[in-house]
Amino acid sequence: MKRILVAIKRVVDYNVRIRVKPDGTGVVTDGVKMSINPFDEIALEEALRLKEKGLAEEVIVVTIGPSDCQQQLRTGLAMGADRAIHVQTDAIIEPLVAARVLHKLAEKEQVMLAILGKQAIDDDASQTGQILAALWGRPQATFASRVEIEGGTATVTREVDAGLETLNVDLPAVITTDLRLNEPRYVKLPDIMKAKKKPLDILDLASLGVEALQQVQMVKFEPPAQRSRGVMVKDAQELFAALQKKGLV
Amino acid sequence: MSKILIIAEHDGSRLNQATAKCVTCAAAVAGAEITVAVFAADSAAVAAQAAQLAGVARVLRVDHPANAQPVAATLAPQLAALANGYTHVFGPSTTFGKDLMPRVAGLLGAPQLSDIMAVESATRFRRPMYAGNAIVTVEVAAGTQLVATVRTASFEAAGSGGNAPVEAAAVQVELPTHTRFVSVSAARSDRPDLQTAARVVSGGRALGSAENFQILYSLADRMAAAVGASRAAVDAGYAANDMQVGQTGKIISPELYLCFGISGAIQHLTGIKDARTIVAVNKDSEAPIFEIADIGLVGDLFQIAPELERLIAAAK
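Going line by line, the protein sequences match chains A and B. Each residue of the first sequence is one higher than the one before, counting from 55 in our numbering. Each residue of the second sequence is one higher than the one before, counting from 5 in our numbering.
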């Protein structure tokens, strides 16, 4: 069966104003809205579209984390994923460990594609997809803005600093998604009801033979230095004078 | 002692300034011995430029036809093999480095720190999270080989005046054939590069169309500035993707950031907060951009931008 594995992460919602805890141990997450990482939603949307075009037969959505993450898996199922895998753990999961888990699942499920967001908007690491590709010994096409599957290969347009780059890669492969790849669908109420009946398997790290190795200690969180409000000018003439005074024009 | 290996970013003939910024970051690790590795089809010209960077002890050339294009799947096994004996492996936090370095980390089984913005010691660094809304001090155990990307906006480029020896390095690894470079469609531009420009003019959705961006190009050309855009403007098709500034686009640190019709979403602000001077023109006096702008002007950008251009022209 042609399967696509989509990894999603539960993160603080895009619209929440992030506050660092006064004791510097992290950011405030109590009572804060949590969502699927926006890039991962794009990854799932792309997988669903490939399935709808007949290029894949099954979309599996997976996450790693505490029990609350099942909310995001259910959202993924409501969007249209066929089944979900929850690798349940309360440990801090670094990208290397996440990639090891995904590698095990990619092999176990014999997937043709693993699609991930290009970064999670919480740690902004932008690592897991590339590490997965390294461990799996498969191609990677990161920061994708266009994906075409044909004859056992994927042609992927990537958003790079210089413009747009195109790679052609053999399948199976890892793709990470950029913002403009697609616009994820909205979930409808009947889909939420249907999602409750879809299979959701719960695994743990030990059953996959992966250890929750933590190599990076997060010693201290601090709010960023704030820029202060400057001066207001009233027209272009004054703006020009202010820039001239600073030697900027 | 720290031995730091930096991968050079280049276009085949010119060393990208991001590499010089990685050298400055590496030099902030006390007592570091810095090696720059240049992978190319023919690396002679780029290696010579890398050798001139102040603080570089040695330049390694890895020439191979497969290295003509910067394909991560091809470069990663070579860089991982070369990394043996180094305490740190650094690359820039550009799309080149972001693509490549985690693949290297994966092959080495090493932890990666993304977007290093400050060095506290050989094992302790600071990096942003949550779109720069939290600055986190991170630490690895002594003796851990570390891979990192360097947030280029946080470091000045290393100066010239160095004269490091250049050596050819033999790397014996099997290169994959599963990934083929097809093309790169760089938007050719005579304007300064957005990531290294001293001045940047940028626009948001309020520009209303790709045609209207001409107003900003015209002003930018008058000022010898690069042109950037907000995510909203890029999503709307008014500007190319390589012009996007912000959390998921480019992080820049120009002397002057002059933005028109950008409201100032948190994700955009994270891309510009290292700018020396931020100037905002917006018709909405409540726009969040004014909370951080050094100079603000409430008004119609379609009137102000051309007028500013005329004033600059008249003064020359």
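Incorrect hints may have been included.
[Said to hold, decoys possible] Keeping only pairs whose Cα atoms sit at most 35 Å apart, straight-line, the calculated DSBU-like set for lysine-lysine is:
#1 A:252 - A:288
#2 A:158 - A:288
#3 B:277 - A:75
#4 A:251 - A:162
#5 A:107 - A:299
#6 A:162 - A:250
#7 B:7 - A:288
#8 A:288 - B:320
#9 A:299 - B:287
#10 B:277 - B:7
#11 A:87 - B:287
#12 A:105 - A:242
#13 A:300 - B:287
#14 B:287 - A:274
#15 B:287 - A:288
#16 A:87 - A:252
#17 B:320 - A:299
#18 A:107 - A:252
#19 A:274 - B:320
#20 B:7 - A:299
#21 B:7 - A:300
#22 A:248 - A:162
#23 A:87 - A:105
#24 B:277 - A:87
#25 A:300 - B:277
#26 A:158 - A:252
#27 A:242 - A:107
[Stated by the list, open to error] Using C-beta positions, here's what the derived DEER-type ranges look like:
#28 B:288 - A:55: 47 to 55 Å
#29 B:174 - A:103: 39 to 47 Å
#30 A:300 - B:213: 26 to 34 Å
Derived from the structure by calculation, the hints contain no laboratory data. In this text the structure is predicted, and so the values were computed from the model without any measurement. For glycine and all other residues, C-beta sits at the position ideal for the given N, C-alpha and C.
Looking back at the hints listed earlier, which ones does the structure fail to meet? 1, 2, 5, 7, 14, 19, 20, 21
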